[in-house]
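Participant: Sequence:
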Amino acid sequence: MAIKFGNKKFEFFASSGSLGFDGLGWPWEKCLPKKYFDPSLFCVVLKTITPDERQGNGRIPWFKVRPIYENGELVGFVNCLGLPNPGFLGWKTKYLAKIDFNRDVVFSIASYGVELSSITREFNSLPLTAVELNASCPNTEEEMTENAESTIDSCRRLYENCRHPIILKLSYAQNFCRIAREAERYVAAISFNTVPWNLIFPDGSGYFKKYGGGGVSGKIVRWFYEDMAKKLMNYCNTPIIVPVWDYEDIIKNEEIGASAHSFGSVFIAYPWFPTLAVKHRQKEKKWNRLV
Numbered sequence: 000m001a002i003k004f005g006n007k008k009f010e011f012f013a014s015s016g017s018l019g020f021d022g023l024g025w026p027w028e029k030c031l032p033k034k035y036f037d038p039s040l041f042c043v044v045l046k047t048i049t050p051d052e053r054q055g056n057g058r059i060p061w062f063k064v065r066p067i068y069e070n071g072e073l074v075g076f077v078n079c080l081g082l083p084n085p086g087f088l089g090w091k092t093k094y095l096a097k098i099d100f101n102r103d104v105v106f107s108i109a110s111y112g113v114e115l116s117s118i119t120r121e122f123n124s125l126p127l128t129a130v131e132l133n134a135s136c137p138n139t140e141e142e143m144t145e146n147a148e149s150t151i152d153s154c155r156r157l158y159e160n161c162r163h164p165i166i167l168k169l170s171y172a173q174n175f176c177r178i179a180r181e182a183e184r185y186v187a188a189i190s191f192n193t194v195p196w197n198l199i200f201p202d203g204s205g206y207f208k209k210y211g212g213g214g215v216s217g218k219i220v221r222w223f224y225e226d227m228a229k230k231l232m233n234y235c236n237t238p239i240i241v242p243v244w245d246y247e248d249i250i251k252n253e254e255i256g257a258s259a260h261s262f263g264s265v266f267i268a269y270p271w272f273p274t275l276a277v278k279h280r281q282k283e284k285k286w287n288r289l290v
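Numbering (numbering that gives the first Met the number 0), first residue to last: 0 to 290.
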């Protein structure tokens, strides 16, 4: 079980945004000792960048994240951040010099058309592991989110201009099977975005009603992730990266045939868990090989 980019295999990813714009982690994560927080264990996907600076939904983005509880247990988060970011030029100025390219780093971009092609040529000079095309943010109203043809065309443009492997980030709300099949020739892997709130709670209630509900991640959307993974594996041969909330999800991902695991919003709830989970799984596999 792993995804191969070049001559290297990857099993564990830190999802876009979970370790910030530089891949080193958010302040509360970096406060932890290395034995509890070790970014080097992951192929780190940087927080998604757009061509131009984007404020997102509010001046203080973290106010747009809320926990979700079921029977007193934390089961995920809903967010309506709206992709706040400094834009490509702002990112280069503020964060590029901080990135440790001795580690495995994936650049994530949300764009399409001519802008995507021009930006792609700029990061071709960077020693990236891969590039992620975020074609599915539920907190924006970009053309790609609703238009399958636009997403497929963006994959083609990226493929034609990019020297790095491409990860396509899709959502359950999209026509993901069609997109995956038609983009199969262009992409090296598929990752999963959050699930739109209104798909889970169709009554229209919620914290962020005026923003369309937001995107949900965590254990509460596990069914959607499994259903999406199984359908994709029936429609295409592209490796699938499936999200993880707890250790049980790692086992289930392997059982359903996923190619790799991704840790996302669980970093918010339990920033030490991904590191400990990866170490534990690596020890288990080593022991199983010995016996």
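Each hint should be verified, as a subset may be incorrect.
In silico lysine to aspartate or glutamate, EDC-like type, Cα no more than 16 Å apart, as pairs [claimed, not checked]:
#1 Lys-278 <-> Asp-245
#2 Lys-278 <-> Glu-72
#3 Lys-218 <-> Asp-99
#4 Lys-229 <-> Glu-254
#5 Lys-229 <-> Asp-202
#6 Lys-91 <-> Asp-21
#7 Lys-218 <-> Glu-247
#8 Lys-278 <-> Glu-254
#9 Lys-29 <-> Asp-99
#10 Lys-230 <-> Glu-283
Computed beta-carbon distance windows for the label pairs [claimed, not checked]:
#11 Glu-159 <-> Pro-126: 36 to 46 Å
#12 Cys-176 <-> Gly-71: 28 to 38 Å
#13 Gly-71 <-> Leu-275: 35 to 45 Å
#14 Asp-245 <-> Pro-126: 46 to 56 Å
#15 Lys-208 <-> Glu-121: 18 to 28 Å
#16 Glu-69 <-> Lys-230: 20 to 30 Å
Hint data in this document are derived by calculation from the structure and do not stem from the laboratory.
A virtual CB, placed ideally from N, CA and C, is assigned to each residue, including glycine.
Participant: Could you check the structure against the hints above and give me the numbers of any it violates, in ascending order?
Facilitator: 2, 3, 5, 8, 10, 11, 13, 14 and 15
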